[in-house]
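Q: Listed here are the chains, written in short residue letters.
There are 4 protein chains.
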Amino acid sequence: MTTDTQTTVGILRQAVADFVDARDWRPFHTPKNLSMSIAIEAAELMERFQWLTTGEAQEAVEDPAELAAVTDELADIVIYCLSLSNALDLDVSSAVLGKLQANEHRYPAGEFRGRFRRPEREKASQG
Amino acid sequence: MTTDTQTTVGILRQAVADFVDARDWRPFHTPKNLSMSIAIEAAELMERFQWLTTGEAQEAVEDPAELAAVTDELADIVIYCLSLSNALDLDVSSAVLGKLQANEHRYPAGEFRGRFRRPEREKASQG
Amino acid sequence: MTTDTQTTVGILRQAVADFVDARDWRPFHTPKNLSMSIAIEAAELMERFQWLTTGEAQEAVEDPAELAAVTDELADIVIYCLSLSNALDLDVSSAVLGKLQANEHRYPAGEFRGRFRRPEREKASQG
Amino acid sequence: MTTDTQTTVGILRQAVADFVDARDWRPFHTPKNLSMSIAIEAAELMERFQWLTTGEAQEAVEDPAELAAVTDELADIVIYCLSLSNALDLDVSSAVLGKLQANEHRYPAGEFRGRFRRPEREKASQG
Numbered sequence: 001m002t003t004d005t006q007t008t009v010g011i012l013r014q015a016v017a018d019f020v021d022a023r024d025w026r027p028f029h030t031p032k033n034l035s036m037s038i039a040i041e042a043a044e045l046m047e048r049f050q051w052l053t054t055g056e057a058q059e060a061v062e063d064p065a066e067l068a069a070v071t072d073e074l075a076d077i078v079i080y081c082l083s084l085s086n087a088l089d090l091d092v093s094s095a096v097l098g099k100l101q102a103n104e105h106r107y108p109a110g111e112f113r114g115r116f117r118r119p120e121r122e123k124a125s126q127g
Numbered sequence: 001m002t003t004d005t006q007t008t009v010g011i012l013r014q015a016v017a018d019f020v021d022a023r024d025w026r027p028f029h030t031p032k033n034l035s036m037s038i039a040i041e042a043a044e045l046m047e048r049f050q051w052l053t054t055g056e057a058q059e060a061v062e063d064p065a066e067l068a069a070v071t072d073e074l075a076d077i078v079i080y081c082l083s084l085s086n087a088l089d090l091d092v093s094s095a096v097l098g099k100l101q102a103n104e105h106r107y108p109a110g111e112f113r114g115r116f117r118r119p120e121r122e123k124a125s126q127g
Numbered sequence: 001m002t003t004d005t006q007t008t009v010g011i012l013r014q015a016v017a018d019f020v021d022a023r024d025w026r027p028f029h030t031p032k033n034l035s036m037s038i039a040i041e042a043a044e045l046m047e048r049f050q051w052l053t054t055g056e057a058q059e060a061v062e063d064p065a066e067l068a069a070v071t072d073e074l075a076d077i078v079i080y081c082l083s084l085s086n087a088l089d090l091d092v093s094s095a096v097l098g099k100l101q102a103n104e105h106r107y108p109a110g111e112f113r114g115r116f117r118r119p120e121r122e123k124a125s126q127g
Numbered sequence: 001m002t003t004d005t006q007t008t009v010g011i012l013r014q015a016v017a018d019f020v021d022a023r024d025w026r027p028f029h030t031p032k033n034l035s036m037s038i039a040i041e042a043a044e045l046m047e048r049f050q051w052l053t054t055g056e057a058q059e060a061v062e063d064p065a066e067l068a069a070v071t072d073e074l075a076d077i078v079i080y081c082l083s084l085s086n087a088l089d090l091d092v093s094s095a096v097l098g099k100l101q102a103n104e105h106r107y108p109a110g111e112f113r114g115r116f117r118r119p120e121r122e123k124a125s126q127g
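If you read the protein sequences in the order shown, they are chains D, W, Z and A.
In terms of our numbering, the first sequence is residues 1 to 127.
In terms of our numbering, the second sequence is residues 1 to 127.
In terms of our numbering, the third sequence is residues 1 to 127.
In terms of our numbering, the fourth sequence is residues 1 to 127.
Calculated from the structure, these hints are not laboratory results.
Heads up, some of the hints might be wrong.
Said to hold, decoys possible - Partial pick of chain D residues on the chain W-facing surface, computed with a CB cut under 8 Å:
1. Q6
2. A17
3. F19
4. L100
Just so it is clear, CB atoms sit at the ideal spot from N, CA and C, and this is done for glycine as well.
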């Protein structure tokens, strides 16, 4: 039985690569298309919680059927993330641990305990 | 040195959990908020490729500085995915491998080689 | 002074078209790029409310500075929507009123008063 | 027959408000929920172009059935934008024209003719 404690990121990346290659999907799995795909799947995950309050959403996932649906959506997002890491030949583990390390400095535990950073006023984007 | 071939998903999940707990951020890392957070980071990834053609985007990531920026964005997405798996206590590896297995049936390699499924006409959403 | 009661959608579409044409941006404003752009700006809007409960988000917009920031983000989204309608030469007003009419049948007021439709279990997407 | 040249934004906002009120949906149409809803509909729009190159996407919308599907998705996005403007009682026309004016200074036509601004290296977000 698979578990996160025993499964390396590399095993999951290989499973995704095999799935994509068996269908000759590499030409579709470009960085731009995969970035859209991750966003599309993230939206399907959000859809589970769209009309619920933050608290109601937390209760909803206590229902096994709802949790299964949420798990399915999360899997889709992770699969596309792994496919992008394959397409770009980048190491997810170093990226994640490196980013957490960088965030240690940007969000000192003492200063940000129980607090988050409010977003700055947005800058102009291309109209 | 960390590499995907040696790093389990569980190690990354623990690193994210430690980061979140050191800041008492669990109250913010609710399913609804994390689904938004994944989508927000996915949008920052898309922003790297927003105005580029599919081909230009592929060339852009050959620049090490651009690849580093893209890697950074992907890390943010994965970190929130792992935080959601922690919040829901679900196993990412089984979810990913289970979803790939389900997709084996939904996308038979023979039928979908080099082809993708066009989306159906959208169904009405709440106005 | 401009107000929604006096301003036609066509006036706003023309203002966006003039802005885009003055910069020769039509080659960038393709349907695929604009769909990404709308999603990117939608994410910047979500970022204003990312860590707030549904209720806290409602209180936050009572602060004029926060409301101005939210208004700015909404403007970016609408501008890209109008640019897409220009690029596709489609009529926004008929699209909106037509969709509301279709939704009248899909969401009968009697059946959906105070109730929303739970999303179906997601269908497999390309892994 | 409705056309953008004759239809004010206010008429569309009123139609959306009537639809929402007939279903007592105001409690669901909070700023946070509507920002998610706009992003979810934007993702459905992106899905039309997910696996197409920028050029293929442009050809695809020449098919009337595909253009109708895209128009439907755009309508959903605009409807939620108008519902947010109703919920926040803000003027869409002044927001759009004001933002275009601000962008005139941020994107001088001379400097940005045929050119776009590359995104800066992303700043750390909450891990």
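Q: When the structure is checked against the list of hints, which entries are broken? Sort them ascending.
A: 2
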